[in-house]
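Can you make the complete structure from the sequences, with help from the hints?
Chain by chain, the residues:
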Amino acid sequence: MSDSTARQLDEASPVLAIDGLGVEFASEHGWLRVLDEVSFAVGPRETVGLVGESGSGKSVTSLSVLGLLPRRSSRVVGDIRLRGRELGGLSTAELEDVRGREIAMIFQEPMTSLNPAFTIGDQIVAVVRRHLGWTKKQARAHAIEMLGHVGIPNPRQRVSEYPHQFSGGMRQRAMIALALSCRPRLLIADEPTTALDVTIQAQILDLIREMAEENDMSVLFVTHDLGVVADICDRVVVMYAGQVVEEGTAEEVFCTPRHPYTEGLLRAMPDVEDHVRELVPIPGTVPPPWEFPAGCRFADRCSYAQDRCRQPVALTELGPRRAVRCHRFDELDLEGAS
Amino acid sequence: MNDQAAVPAGTSGKTPLLEVDDLEVAYRIGRGRRAQDLIAVSGVSFHIDHGETFAVVGESGSGKSTTARAITRTLPVRAGNIRLGGRELTELSGRELRRIRSDVQMVFQDPYSSLNPSMLIRDSIAEPLRVHTDLDSHARDAAAHDLIQAVGLLPEHLNRYPYEFSGGQRQRIAIARAIATSPSLVICDEALSALDVSTQNQIIRLLEEIRQTKSVAYLFIAHDLAVVRHIADRVGVMYLGRMMESGPTERVYNAPAHPYTEALLSAVPVPHPRRQRARRRMLLPGDVPNPLEPPSGCVFRTRCPRAMDICAEEVPMPFPAVGGGEVACHLHTSGPELGGESVRVLSTA
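Order-wise, the sequence lines are chains A and B.
Numbering-wise, the numbering used here puts 244 at position 244 of the first sequence, and it's gapless, one number per residue.
Counting from 1 along the second sequence, just add 338 to a position and that's the residue number in the numbering used here.
A few of these clues could be false.
Reference listing, derived: stretches of chain A covered by chain B, where coverage requires no fewer than 3 residues with Cβ under 8 Å from a Cβ of chain B [said to hold, decoys possible]: (1) 95-108; (2) 190-199; (3) 223-231; (4) 255-269; (5) 272-282.
If we take Cβ atoms under 7 Å as the criterion, some of the chain B residues that face chain A in the derived model are [to be verified]: (6) Q487; (7) L491; (8) S504; (9) P607; (10) V608.
To be clear, the hints were calculated from the coordinates, so they are not data collected in a lab.
Note that the coordinates shown come from a computational prediction; the quantities given were computed from them, not determined experimentally.
All residues carry an ideal CB built from backbone N, CA and C; glycine is no exception.
As structure tokens, then:
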């Protein structure tokens, strides 16, 4: 492939394309299907929010992209392509080249990615040397630069400190510095601000946004917080009980939702600027995978459900990258955020 | 000390249900010569009327949970007064304290850690009645039967164990247990934080229903400012162990009188892309200071975009805020003036 065609591919085609992803876990009841026909894409420089409550399958989706599901007790079908390259067939060694280099991940709890026994600097140095093959000296200079970049004061001194010497917000910044040290094309952020105080959350969201812009990086942002999505995401994929139920731009999904579950989430979400609107709960809870209904999975909790909603329902394309999984989408007039 | 409340603090002139006055709570850190006192809460005052919902909001380390624990006397109070129905709590001990505790119950963030995993739901719910009342086992059973239905679950659930329930259901069980002794005050310490939005609203509705039927008052300890706006009558904002401001919820949210409240509110994202992107954030630099070495004067001054010289020298005292409540900020007493009036209202946007 010539350089120019590679660049064209870069501009037009998605950084991440997930197509027909299904995941089964081994359980005492045999193989249990937890993800079903999940398809969506993350374009160049795009931030896509993967939204849903606990049990919706959003974290399993992001772990499959990284090939981090347990190999023996899980089965994966479907395609996951990173810049056109299929990740499914890669060996463990090949996957390790991709992780940290092309895809990086940050978590709610920074200590899942930081090793308490090594200094922050040594951890960045190890990653940079492993993936970019730089010398120790270059890597260390890069580590200091990265720490300064993510807003850690005194990076020259703090590079030799251990994770426990950092405060919660600073640890989150250090984790981001580590994740971005090899300039990945895609950052997967799994609830990275959920455990943080709001004033620190605001700082970290700004940092992720700046880093994505500076590095031409795409972000898959996994969260249950619609306020965070409204703040940082260009596009939204709403998941429910292991399926994608709606996809669109943030504006479309928030202002003209087409799935009753999306409407339900928006009506249940408190708004710090608005006390007049009554909070309407969604009755019931997300079913566990062994109780997923055979028909529409939301039907039991849906106030618009009819008999035909007991039948399985496919994802319908409403336009380019705009989709909904609902039998009644074209008859319902749903309420969006105001 | 009088048994009767000396000074009514409520505006109604009636004795408030709970009065907290100049509360100070300290933890001892380290041992021997290295021992140091960490002042977790200092100079905190507020009151809660009968049947009212008062929320204390703040970030980690603000002292909001410590305040709650001091009220239940599960932490020693170093200074100040706590009166429940006019009765001083800080001096009670033994049986008297136990009696008061049946009148103040708590619901925590994680019901799994407050319910005994090897105890049937029936026994968990009836336990406070066994400790605090003379009811026999029949009467306690009957009460458990009523309580489980009052929180929207079924009598058959009484014969199950905590692991058989979802997070939202467990929170309902914890609430049933908390209201078993008909307390006049229930303290909810981050009771909604671990729940998904759809479940969170179910629990908010339940608490509101209980407030109306059982005329209970709530002290809500929370970090989620959006939820608090929807549930609280009045709100107090804490930072580094001190009350920055308090007042009617709508006044505090619409016209925050303290720069910290303003920053806190501006940092909460709203679930609407266009509205959220148009909002202006007041970014606070840095982190919350080490509570072992709190800044002199106003504890917020090291991060405050409006700090003045006096803020490092004097601790600001509570001052009546325009529109109701109080604010502890020098801007209101020593700040710049406009047309002979202090620039009191910071932002009404």
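Next item on the list: Against the structure, test the hints numbered earlier, and report the numbers of the ones violated in rising order.
Entry: 1, 6, 7
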